[in-house]
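Chains L and D, in that order, give the protein sequences.
To convert, note that position 388 of the first sequence is 388 in my numbering; the numbers rise steadily by one, no gaps.
To convert, note that position 311 of the second sequence is 311 in my numbering; the numbers rise steadily by one, no gaps.
Among the hints, erroneous ones may be present.
Derived pair list, reagent style SDA-like, types lysine to any residue, alpha-carbon separation capped at 25 Å [said to hold, decoys possible]: (1) Lys6/L <-> Ser77/L; (2) Lys373/L <-> Lys13/D; (3) Lys576/L <-> Ile597/L; (4) Lys36/L <-> Asn265/D; (5) Lys186/D <-> His211/D; (6) Lys47/L <-> Gln35/D; (7) Lys47/L <-> Gln79/L; (8) Lys2/L <-> Gly263/D; (9) Lys176/D <-> Lys109/D; (10) Lys460/L <-> Asp156/D; (11) Lys576/L <-> Val122/D; (12) Lys268/D <-> Asn360/L; (13) Lys236/L <-> Tyr132/D; (14) Lys9/L <-> Pro98/L; (15) Lys657/L <-> Lys576/L; (16) Lys497/L <-> Leu627/L; (17) Lys74/L <-> Asp15/L; (18) Lys48/D <-> Val79/D; (19) Lys186/D <-> Met470/L; (20) Lys47/L <-> Met150/D; (21) Lys669/L <-> Arg632/L; (22) Lys109/D <-> Arg383/L.
Hints in this document: simulated from the structure, not taken from any laboratory.
No experiment lies behind these values; they were computed from the predicted model shown.
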Amino acid sequence: MKVSTKWLKDYLDYDCSLGELARKLTMAGLEVEEIKEIEGDTIFDVKVTPNRGDWLSIVGVAREAAPLVGSRLKMPSPQVDGSGPAAADLIDISIDDPDLCGRYVGVMIRNVEIKESPEWMKERLTAAGMRPINNIVDITNYVMLELGQPLHAFDYSLLRGSRIIVRRAKPGESIVSLDDVERKLEPDMLVIADIERPVAIAGVMGGSDSEISSQTKDILLESANFTSTSIRRTSKRLGMVTESSYRFERGVDPSITAIAAMRAAELMRDLAGGEVARGLVDVRPRPVEPWIVETRPARVNAVLGTDLDAGVMADYLNGWEIETSISDGKLISKVPTFRQDITREIDIVEEVGRGYGYENLACTLPRTQQQGKDSPEGLFRERVRRILMSCGGQEVLTHSMVDSKLAELAGRSELVLNVRNPLSEDLDSMRVALIPGLLLVLQRNQAYGTVNANIFEIGKIYFSKADGGMGEKLSVAGAMAGSLWKSNWSLSADALKVDFFLCKGVVESLLDSLGISSVRFVETSDPLLHPTRAAKILVGETEIGFMGEVSPDVHEKLDLRERACVYELDFCALMKSTPDVLRYNPLPRYPALYRHIAVVVSDEVKYESVAGVIKRSGEGMIEDVDLLDVYRGEQIGAGKSSLTISMVFRSPDKTLKDEEVNSVLDKVKEALGAEVGASFR
Amino acid sequence: MGETATARIGEAKSTAELDALETEYLGRKGEVTLQLRKIGSLPPEERKDFGQAVNDLKEQLNAAISERRETLAAGEIDVKLAKEAVDVTLPGRFYQVGRPHVLVETLTKIKDIFIRLGYEIVESPEVECYRYNFEALNYPEEHPAIDEQMSFYITDDRLLRTHTTAYQHRQMENRKPPIKVCTLGKCYRVDAVDATHGHTFHQVDCFVVDHGITMADLKGTLYQFAVEMFGPNANVRFRPDFFPFVEPGAEVAVTCSICGGKGCNVCKGSGWLELAGAGMIHPNVLEGAGIDSEEYTGFAFGFGIERIPMLQYGIDDLRLFMENDLRFLRQL
């Protein structure tokens, strides 16, 4: 809200500089966000918190500032002596729905002359960001800015039956509002009606067919107090936020209703030559009186961590017109009706805190002593992050709210949680897997000229459950493409070129570093993955994730230049598979002997079976089996591979002799021949 | 002969030349060897002196040879090593190493500070019930405070949490005071995307409930955090603000880390940067979770993470964090 400091001077004397005033207001909670100099005036742009509707006026700001600058508010007191007929004889006002309207004041001003407002008024309205229209409309806006009470002026001659009925809209009713838009009204919206039709949307906007025009002579001025929640609902439903609805939503002082009406009438008399009818019509089905809040000074000190005297507390409160006395050691506060935010002791605690100044509070630490600790997930996450980074992975952080097309791409549309009110079509769902987002990162970096990448992310994925419920869980995923070399001049780039096995190497390194053993990779199919280069990852019997080359289809859709490989593991499954305690194996005491063999097997035979046979038939002497090379070629015949395998022989309790090893090796060969049809080169 | 031989040995240019000289003088048919063999043909009275002289010569030459050999060997290694010289300015050969993401690293740093301050870190859901995000936090129905946190909805009563504070009630339901916990993670608000706004951002949220917790404790805690995060010269400024779930409520600013509090463009001349929303937990929130608000008090605070690395590294566009341009990530 824009506050003219020149206007403020009308209600408040202060000696301090404007900068000091701004600082004081800010430190009291009414933040001056910007100070702007305009011709002959300085404007404060203040940020009014939603609980303090009473700050939404010049008088409200002056009232807040008064005790801060050691001054008192000079409240305008309109002096109007009516003449001629009584207002009550000219207009009949009734409230059908008192739950939505606690008070309605009508004042009649006759024979006004519609013209431009005087310059000083136009300047003040403009400074507040409002457009001057004509003297009558401007006065309603001026008084709203001054006192915080939204007002509305009707052309009296256009109201039918000289009646105002405050009621809920009837089914099917509509109104053309001042902005010339036809608004369909719903039965729980409050309207101001005459005997025939709604003439205003209560607290939001007037209707165009009872609007002030150059022909207007007689005015019915409305000053009312509408229920905040009702105005908010109507304003939201109709998509209309006005200066009026904004104030009603935040609460308008029910005691200012008549004062504001008289203030506007006074100005209409002075600036539009109007004759104010005698008296006013004040319909008040729900009168609001100041209420009492009791506060224990000890409680105030206990919450704030202060040691203030009750008298000092009362002084702060009285400064803001919260009349407070001390009785039986308690603060007894009579809360003025404009402070609807104060209803209980804790609210008074805050007022005292504001009076004392938060900047004066001490700095202490809570008495609660406990050992700080990370969550189990947090601890494990750090471990996984460090390992993947040591495998060359660059950590990334991608959006959870994504295009639902990504779930389609991942073939997981049935899991997707849709956002009902997305910002845009490409943000209409929650991700079902991390891989699609990671592939988009590869795609984007490719566009920026970075083709070589090895990235990973630990983040949440979201899913709907069969029972209609929804869930979210942590996932670990990586994507890589191109070469993993940073620099490899004169060396073969192919040596670290991303393929299935390089990706598998990263996954294996992760699992190995975590101490997870008995891992198996089994062929699988997944919409994201290449049909013949995809594996699911099993620890024991539990599937913890999948990996492989990206499917040619996905590859093409994303227009990736290099073949990408990916993995995604269930974070919790990974965590569960990780042993809590690792045990050390004593280092061998006897030397090892090494042997290589070239095993020729048909392509149907998996390496896993070959290695399995070797280990099983090694009579416990084979400590390790490692693959050195895979060769295919004419020499060994079509449909066959030659696997060069190295073996480490060792006994825990003696030095092995060549003959012993050779005899075991013979048995291994025999078993390989028998079990997987191997021959040897 | 001795002098000539010693001179020749001393001048030998290579181990090979030296070998040749050794053979020439001391080999089986070498000059010195031949001299020794002559002994037998000499008269007995001369033999002793002659033998002595030749042996002396032999020793002298041997010494010269081995001395020269050492010198030559040293020189030849130098030559060999010189041939192995590399251009040390050629780039190293290695694979691209991985780095942490700057925002995740900031989250980790913040988490570590709060762990040191005795907080237990807990996990918290992002897809949240309307109730936990608003009602349980004392947001009145149909209140403009809700407008400040426009939400993305999944269903009528499920939304993407707009603040990490949504976990508060869940924690209070499942624990008994004293409670001292912290959570971190993604939050979502309907907000147009630009250099300083996004629909997704990260927050951290801490709260304490115990006997005798005061607002001064809150202030001291955030001061401690500011010092650990921003350095020993950091200070905090508290001023009143409104959040439905706290009363008294405060906005917390820290000393501008760019100008050190003198006032600059970044802090709009104030010397302070807004950091957190904070306050004493509203009695309604405690009571709603079955905690006696007479017996216990508590404080809570929460803040956005993005701002911190933006200030620390001079990052001017929030979108860089989630865009994951490797040219950006590899710098930090």
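A quick look at each hint next to the structure:
Distance restraint check for Lys6/L and Ser77/L: the Cα-Cα separation of roughly 19 Å lies within the 25 Å cut-off, and the hinted pair is therefore satisfied. Between Lys373/L and Lys13/D, the direct Cα distance comes to roughly 74 Å. Violation of the 25 Å bound is thereby established for this hinted pair. Taking the CA atoms of Lys576/L and Ile597/L, the gap is about 38 Å. The hint is violated against a cut of 25 Å. Proximity of Lys36/L to Asn265/D is assessed by CA-CA distance (about 16 Å); at most 25 Å being required, the pair is judged to hold.
Straight-line distance between C-alpha atoms of Lys186/D and His211/D comes to about 31 Å, which puts the hinted pair past the 25 Å bound. For the hint linking Lys47/L to Gln35/D, the alpha-carbon distance of about 116 Å lies beyond 25 Å, and the restraint is violated. Taking the CA atoms of Lys47/L and Gln79/L, the gap is about 33 Å. The hint is violated against a cut of 25 Å. For the hint pairing Lys2/L with Gly263/D, the CA-to-CA distance comes to about 24 Å; that is within 25 Å, so the pair holds.
A distance of roughly 28 Å separates the Cα atoms of Lys176/D and Lys109/D; the hinted pair therefore is violated under the 25 Å criterion. A distance of roughly 22 Å separates the Cα atoms of Lys460/L and Asp156/D; the hinted pair therefore holds under the 25 Å criterion. The straight-line distance between the Cα atoms of Lys576/L and Val122/D is roughly 18 Å, inside the 25 Å bound, and the hint therefore holds. For the given pair, Lys268/D sits about 24 Å from Asn360/L by alpha-carbon distance, which is consistent with the 25 Å threshold.
The straight-line distance between the Cα atoms of Lys236/L and Tyr132/D is roughly 23 Å, inside the 25 Å bound, and the hint therefore holds. Restraint check for Lys9/L and Pro98/L: the C-alpha separation of about 38 Å exceeds 25 Å, so the hint is violated. Taking the CA atoms of Lys657/L and Lys576/L, the gap is near 43 Å; set against the 25 Å cutoff, the hint is violated. Restraint check: the Cα-Cα separation between Lys497/L and Leu627/L comes to about 19 Å, which is no more than 25 Å; the hinted pair holds.
For the suggested pair Lys74/L and Asp15/L, the alpha carbons sit about 15 Å apart, so the restraint of at most 25 Å is met. A hinted pair counts as satisfied when its Cα atoms are at most 25 Å apart, and Lys48/D with Val79/D does not qualify at roughly 46 Å. Only pairs whose Cα atoms come within 25 Å are accepted, and Lys186/D paired with Met470/L is accepted, the gap being roughly 17 Å. For the proposed pair Lys47/L and Met150/D, the alpha carbon gap of about 18 Å is at most 25 Å, so the pair holds.
Of the supplied pair hints, the one linking Lys669/L and Arg632/L holds, its CA atoms being roughly 20 Å apart against a limit of 25 Å. Annotation: proposed proximity of Lys109/D to Arg383/L holds, straight-line Cα distance about 15 Å (limit 25 Å).
Hint compliance for this structure: hints 2, 3, 5, 6, 7, 9, 14, 15 and 18 are not met, and every other hint is.
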